[in-house]
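If you want the building blocks of each chain, they are given just below.
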Amino acid sequence: MRENPYVPYPALLKRSYFESDDFSLKTFEFELLDGNRIDYIPGQFCEISVFGKGEAPFGIASSPTEGHILKFTVNKAGLVTTALHEAEEGSILGIRGPLGNGYPVEKFRGKNVLIVGGGFAFTTLRSLLVYLLNSRSDYEKITVIYGARTPGLLLYREELFEWEKRDDLKVILTVDREFPGWEKQVGFVPQVLERTAPSSKDCYAVVCGPPIMIKFTLPVLEKLGFKPEMVYTSLEKRMKCGIGKCGRCNIGPKYICKDGPVFSLAQLAELPEDY
Amino acid sequence: MFEKLRETARELLSKGEVECVLGFAEGTLPMIYTPYHARKPEEAEKLVYGPFAAPNIATYLRKLKGKKAAVIVRGCESRTINLLISEKQLNREDVKIIGVPCTGALDRKRILKDYGGEIREARIEGEKVIVKGDKGEKAYVLEEYISPSCKSCLYPEAIDPDIKIDGPSRDGEKADFSDIEKIEKMSPAEKWEFFEKELSKCIRCYACREICPMCYCESCFVDSNRPVWVEPGFDYTDILSFHLIKMYHMAGRCVDCGACERACPLGIRLSFLTRKLTKDMKEAYNFVSGLSPEEKPALGVFSPDDREDFIL
Amino acid sequence: MKKIEKEKLLRHLEEKGNLVRLDRARQDPLSVTKSSHLPQEELLLLFRINGDKGVEIRVPEGRGGKILFGVSPCEARAVDLLDLTFLRDRIDPYYKRKREDNVLFVLACNKPRSTCFCTSFGYGPFSGKFGDVFMVDIGDNLLIDPVTEKGSKALEGLELEEATPSDLEKMESLKRSAEGAITTVNIEGISEKLKKMFLDEIWADLAFKCVNCGACTYVCPTCYCFDIQDVERTNWGYRERVWDSCMFPIYSLETSGHNPRPTGVERMRNRIMHKFSYYPELYGEYGCVGCGRCIRACPVNFDIREALETLKEVEVAA
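For the record, the sequence lines run as chains A, B and C. Here the first sequence is numbered in this note's numbering, starting from 254 and rising by one per residue. Here the second sequence is numbered in this note's numbering, starting from 87 and rising by one per residue. Here the third sequence is numbered in this note's numbering, starting from 144 and rising by one per residue.
If we strip away everything but chain A, and leave its shape as in the complex, we get (with noise of 0.2 Å):
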């Protein structure tokens, strides 16, 4: 990050497509000009500036692994959000970061790692899940299990096939309800989750997805035997300037921005409910 924590490098918007079949969320891959890069771990993020509308903040869906193109899946719900998605490819944006602490990943050597999504949290752990591949021997068993209320609502859809066809690896997809031709899982994923039932020795969990999502996880995951210790989870809340100065996204003493994105529970357990 720059010296200046707050000016964004100049950002090319080299490609961006739809991610969603219901156009709500779309991909996009940058490349930083002028020589610049950030070295980042899987579950940071940046601040993606649309000049004239403003920053807002997203988990990196890219891993370090994969070169120097920076990838966000981006929801169209506020101002910035609807600029971004209007934004044409080859328009010049802002991107400022790494920001927050990203996931634990070195804690995970050695380790089976379990990594439970759902909707469109599935940007950061993406990014775990190729970063982990990428040097797949370092790691023991990894189980991913990742829902959406509909196929079409799944990201990176083809990248998730082909993952399934490996055989050093476990993926379970699920949709909330059967679809015709859908020939895989049906069910929430606390259920699926529970179905599966992942050995928790000597396993990490990492948990993203809607609220409600983590809500009914959580309790399985205890059931399985997970400690507070070894399940992470990534927070958000309103953000500006991502380095823990302009105060609104503390929860108890802690910045979300600065501190997290990502807590382990036995980190949450210490802090006030105030998300």
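The hints are simulated quantities; they were obtained by calculation from the structure and are not laboratory data. Glycine residues also receive a C-beta, built at the ideal position from the N, C-alpha and C atoms. Careful: at least some of the hints might be erroneous.
As the list claims (entries may be wrong) - Simulated coverage check for chain C against chain A, where a stretch passes if three residues somewhere in it have a Cβ under 8 Å from a Cβ of chain A:
1) 178–192
2) 197–210
3) 220–233
4) 371–380
5) 402–414
Fit chains B and C to the given chain A structure using the hints.
Chains B and C in isolation, oriented as in the chain A frame:
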């Protein structure tokens, strides 16, 4: 002095007729009463009313939604309740209205300024405010130090209260708009300069908005980013936009209680605007806001014989 | 301590640069010291969009420092507290530049106000350890003592006399009378206690009178929360930060519509917790200096001293 009110409140609470009695209590600083809701009969002892009450208590009814409350009101506050009922923000059955006499709300900032030192104590004695502090004891004539809005008040007493506490009140017939007339006579350039001097003090803390019982919108135009009506920052254009658009929203809905002006930490004279609204509504439509809960908002109805000579 | 004639010192400082006099009138309601380091509106960057050639980003230059003359000890202490946020971890360059450029001439507070409660925080109206130069107005002269190197430098070239024992005696007497005029709130143990009070019902009671305007936070010399917004013009624009307030609903409102602090109760709790629990936990210092500005500016007489007393009285399970 407050015995009658306290007795009434105590009775309402002990009979369980209401869950709370909303009004004011003594504050921690001189010349300021603080909003208070008594919930137990013994808490009725704390209730007070009078010139030291600065906010419009009707603002606090939003915080008591779903509760059966009695509310202690002056004329302006009772008219606010009528407006809130007509705008479907409040059910008449949910509030018991206790009317108290009103001799005007004190323009506290002006006394602080004129005293010129640190005031540590104050009390009302008849028609005077007696203050004590590091400049000794001084007396101020209340009538000279009430809010400008109160000087042009047409209805100092509560309208149709359920219970009325008697006492001396201001005379609504004495309503004085002479200083507004003075501004009306200014040239556009003079007006511009006059308002710029006043409004450029604004720090956008929105105390005037938050204290206003009629500014109850869930989201305010000034906070909108799609579209941006008012830009962030302190360009005078934006400050002026905020205050003027707010006033447009208040035409026919403002009772000119003066609470916004008394709330302003910078002492901006917002009553120049609110009183102009009051005066214009009266002159253009013979309309006084909040006289009855059945009345439709003046700018919410059309009549073929409405004045239109001011339309360019 | 040394002493000097006030006029002589002022002439010297006027020659040095941008002198801002805070000693002539009470600085209320806004804290000039805060505004001088964290202005209510501050340009972060300008950008120009050059078609497909890219974006040109420019960071504005600093405007040079100010000599703030007559800063009260509480406000000078407040800047030290701002340092904890802005000069730690990721350094804020805009703040840092002003912090380095500005010189703070602190003037002991001879006449505290009825709302002052600075002595609750382990210092007082005559504390001489804040800012760059400490001064005491003893009537005919100023007693003066540099606190930092920057302060010593600002006094270079001035002939200072030694303060006499009678000068010092005068100072002591002023100090006693000032300290005696201040009400101390005993806040011992409040930060530990607050940690256990997040879910307490008292917050609803405390927040009742608050209407959630931003007056208290804007006048507060230690409140620093800000918003960052873009302003768009044709082919160019700028990004600025403006003060924000944790009392406003949109401060924490998320695009999804979810608000983790949906009512005034949660927002009041966060404001008090930030000053009296989170700041102590992070930095070992309270985020309040007891200047009483919020008390004076509040339109509904929310008095933080009273709130602290109330919080102290609440019984919490161990």
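Each hint, compared with the structure:
With 4 residues carrying a beta carbon less than 8 Å from a beta carbon of chain A, the segment 178–192 of chain C meets the three-residue requirement, and the given coverage holds. Restraint check on the segment 197–210 of chain C versus chain A: 4 residues with Cβ-Cβ distances below 8 Å, three needed, restraint holds. Beta-carbon proximity to chain A at under 8 Å applies to 4 residues in the segment 220–233 of chain C; the threshold of 3 is reached and the given coverage holds. Only residues whose beta carbon comes within less than 8 Å of a beta carbon in chain A count, and the segment 371–380 of chain C has 7; three or more means the coverage holds.
Check on the segment 402–414 of chain C: 4 of its residues sit with their Cβ under 8 Å from a Cβ of chain A, so the three-residue criterion for coverage holds.
The structure fails none of the hints (numbered hints given earlier).
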